[in-house]
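2 protein chains.
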Amino acid sequence: MSENSNIDNYLEKHMDDSIAELSRLVAQPSVGAQNWGMQECADLVADMLRKRGFAVEILPTGGAPVVLGERKGRVNKTLLFYNHYDVQPAEPLELWETPPFEPTLRDGKLYGRGVSDDKAHITSRLLALDAFLAEEGELPCNVKFIIEGEEETGSLHLPAFITANKEKLAADACIWEFGGVDHREIPMQYLGLRGICYVQLTVETASIDVHSGQGGSIFPNAAWRLVWALNTLKSSEEKILIPGWYDEIIPPTQRDRELFEAQPDPAQEYMERYGVKQFLKGMTGGIDLQMAEVFEPTCTICGLTSGYQGMGSKTVLPAKASAKVDFRIVPGQTIDRCLKLLRQHLNTQGFEDIQIEFLGGGPAAKTNPDDPFIKLVVDTAEEIFESKMELIPMVGGSGPNYPFVHELNLPVATAGLGYPDTRAHAPNENIRIDLYFKHARHMARVLAQFGSMA
Amino acid sequence: MSENSNIDNYLEKHMDDSIAELSRLVAQPSVGAQNWGMQECADLVADMLRKRGFAVEILPTGGAPVVLGERKGRVNKTLLFYNHYDVQPAEPLELWETPPFEPTLRDGKLYGRGVSDDKAHITSRLLALDAFLAEEGELPCNVKFIIEGEEETGSLHLPAFITANKEKLAADACIWEFGGVDHREIPMQYLGLRGICYVQLTVETASIDVHSGQGGSIFPNAAWRLVWALNTLKSSEEKILIPGWYDEIIPPTQRDRELFEAQPDPAQEYMERYGVKQFLKGMTGGIDLQMAEVFEPTCTICGLTSGYQGMGSKTVLPAKASAKVDFRIVPGQTIDRCLKLLRQHLNTQGFEDIQIEFLGGGPAAKTNPDDPFIKLVVDTAEEIFESKMELIPMVGGSGPNYPFVHELNLPVATAGLGYPDTRAHAPNENIRIDLYFKHARHMARVLAQFGSMA
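For the record, the sequence lines run as chains L and D. 303 is the number that our numbering gives to position 319 of the first sequence; each next residue is one higher, with no gaps. 277 is the number that our numbering gives to position 293 of the second sequence; each next residue is one higher, with no gaps.
In isolation and in its complexed conformation, chain L is listed as follows (with noise of 0.2 Å):
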């Protein structure tokens, strides 16, 4: 296709631009659990948009403003963006080999907090959209954008936000923040993503903390109360034990099996990565594994605090103890359901005295495999990386996407320019600039063909 052509020589030629304005984006600070420099990176992304012809605005959410903005194109049909300008905090700073402010290129690859989560993804698609401006005076489609800022503290505001706008977002197909290749560098699309839901259990037993000599046999005790507070949510067997909690779980297809059974065994490679011996419920590998890593609901306890944790002996009683604990819920699973289940559940076993504070979440969703617009994206995909882009009907981490697949009734498909070693979320994040100019590539097609499709 000569447009092709034209288009990806205007890429090539303003790579170096686009990595600007990419290292201006990053180097505006918006680390949304600090809250800091929200405002600032919103007007940053905005002002972005209106240079581009969008029609902008920037919106309340009751945390961080929702950034929205629309340009009309050629044929109309309309495809939604759906990016985050938030980043995660930085810490530990002193693992980063370069501050995670000044974006810094060497060896072929951009570093920042939140170059590769989220903020490269904004920039190398807004470059395709240039190329078009710029070759052909228009863009294939019509184009939405939805940039919001809690996506790393959990999108607490966003489907809200969606309900309340389903009109100004309404669209024919969306694609999604993420994306990117595996290891053996196959371009993937994830299908759907994990329900969550986070929440932090407390109990506390007494004013004050006790000497353990003293009221060890006689006054309650908040570490042991949430010991069998917890100990009564998950057998050792891996059940969660919550009545009704797998009642309206609605099980994964054939289709999606299939789709796992067409993957490499991840066994050996988790078995190294993270130095485990075993994985649980006697699982060996292959697709009961690959099946389970995200079909399953679980009830991860993330995190146990409670009275003395330094060296040595200190005899003390707590007064206060407490655990995060991470529900993945899986389809057919709600937050509504699975917080009064909870709150049924421990009541039921004489555990009233236990605090549940529900720290963000939202269900699990999936995008049909056979969507034609799945087929777009895997498809314009195979020309620029060179190899089949596979499918993966979900993936154990969530996202909200559910207001998008069943509010407003979109395919969601995922694209982008992640890698294994892309470091989201740890020191030393980074892009690899190929990946960069892969990603603008494929966005070029996908528009170029969903303004062309029937």
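No wet-lab data here; the hints were simulated from the structure. Hints are supplied without guarantee of correctness; some may be wrong.
Since the list gives no way to pick one copy over another, a pair counts as held whenever it fits inside one copy or between any two copies.
Only pairs whose alpha carbons sit at most 27 Å apart, straight line, appear in this in silico DSSO-like list of lysine-lysine [stated by the list, open to error]: (1) 304 to 261; (2) 304 to 265; (3) 35 to 261; (4) 372 to 223.
We have chain L already, so just place chain D on it with the hints.
For chain D alone, coordinates are given in the frame of chain L:
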């Protein structure tokens, strides 16, 4: 007795000097758990004894050194004082009204870490000795001090030290490191101490933490392993579930029970002081509560630590988790057997991966309430405290009295300057100056009478 008035006059005149000496001692940190200032504090205590003409040795133990002091007196009978120069960690620092190692006098109290437990006991006893040396030129009897540096961390090396130094420690009676008045201002004679077996349980399931979205269904979780293992140790009905745990217990005597029956019900005071609404096992107070408090073995979680413990949520699957567990043991139970039963139990329950680290302890021991030395200590207290000292057969707390009672064959009497709001082990630890003076007067009478006992 005219001696008493000379001695009392001396004590009164030299109170300020003694408090100044105490302040210097408290200003020297000696936090065993943090290995902070131990040698310096041992040296300081040794100097304080040398100043009084004691022959002093600082002896290695494998842990913090022991300070031994000896000075002959008028008659050839030996009173042994057991004290310790180590203190509890001062954390949480933010709850102190004045810095823990800057002793501060206000409202008739001296505040500082270790002031009550146990540094004021050392200096007030030295003040009593000073009075005899100044007024009479000699001590009424031989006096020995054993001042150890590991009491707050379980006296790990003391029992072996005593066994190896029985000759040097030979004596006729022992005054323990603590004592004091209860909330009615009545002086108490604590005749026995519960034993303790303090362990850290640790489990490691991977070399690094895993993202909980990815790992929750497939990787072992150290925090869960720990919760499940702990849950097998004690039921929520407070029964220790380790087979054999209760088998060798020697039950309390009828005399023990009678002594407690003579005591007021502590229930109301405990509820108010600690802000608890109920006691364990439905106990409401009275003799059941009093007997349970000291004659039942306990399994207390003193601390829990694993994974993310900061604000908000972090989606991590912890590779490591640990708990501090304080088992109080009663007469008949031994450390070796308890550790063996614990290991066997964890193995039987499938928790071979839980590591047990013994952090210190020793068995329970008690002195005969009808020993003549106990009568001497009790009788001499009456004039000073203006009420009769009451006998408590055992307390819930622990200390290394076992080798004093069973190796050195000494009657061990408690006497001291404690009171209910002394806040040992807690922020704002303090002593009352009036009780400091009373303790010095009491010790002076004990020394004088002991020297004149048949």
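Hints, one by one, checked against the model:
Taking CA atoms no more than 27 Å apart as the test, residue 304 paired with residue 261 passes between copies only; the shortest distance there is 14 Å, against 34 Å inside one copy. Taking identical chains as interchangeable, the C-alpha atoms of residue 304 and residue 265 lie at most 27 Å apart only when they sit on different chains, with a minimum of 20 Å there against 33 Å within one chain. In the homo-oligomer, the alpha carbons of residue 35 and residue 261 never lie at most 27 Å apart, since the shortest distance is 51 Å inside one protomer and 62 Å across protomers. In this assembly of identical chains, residue 372 and residue 223 lie within 27 Å of each other by CA distance neither inside one copy nor across copies; the values are 37 Å within and 61 Å between.
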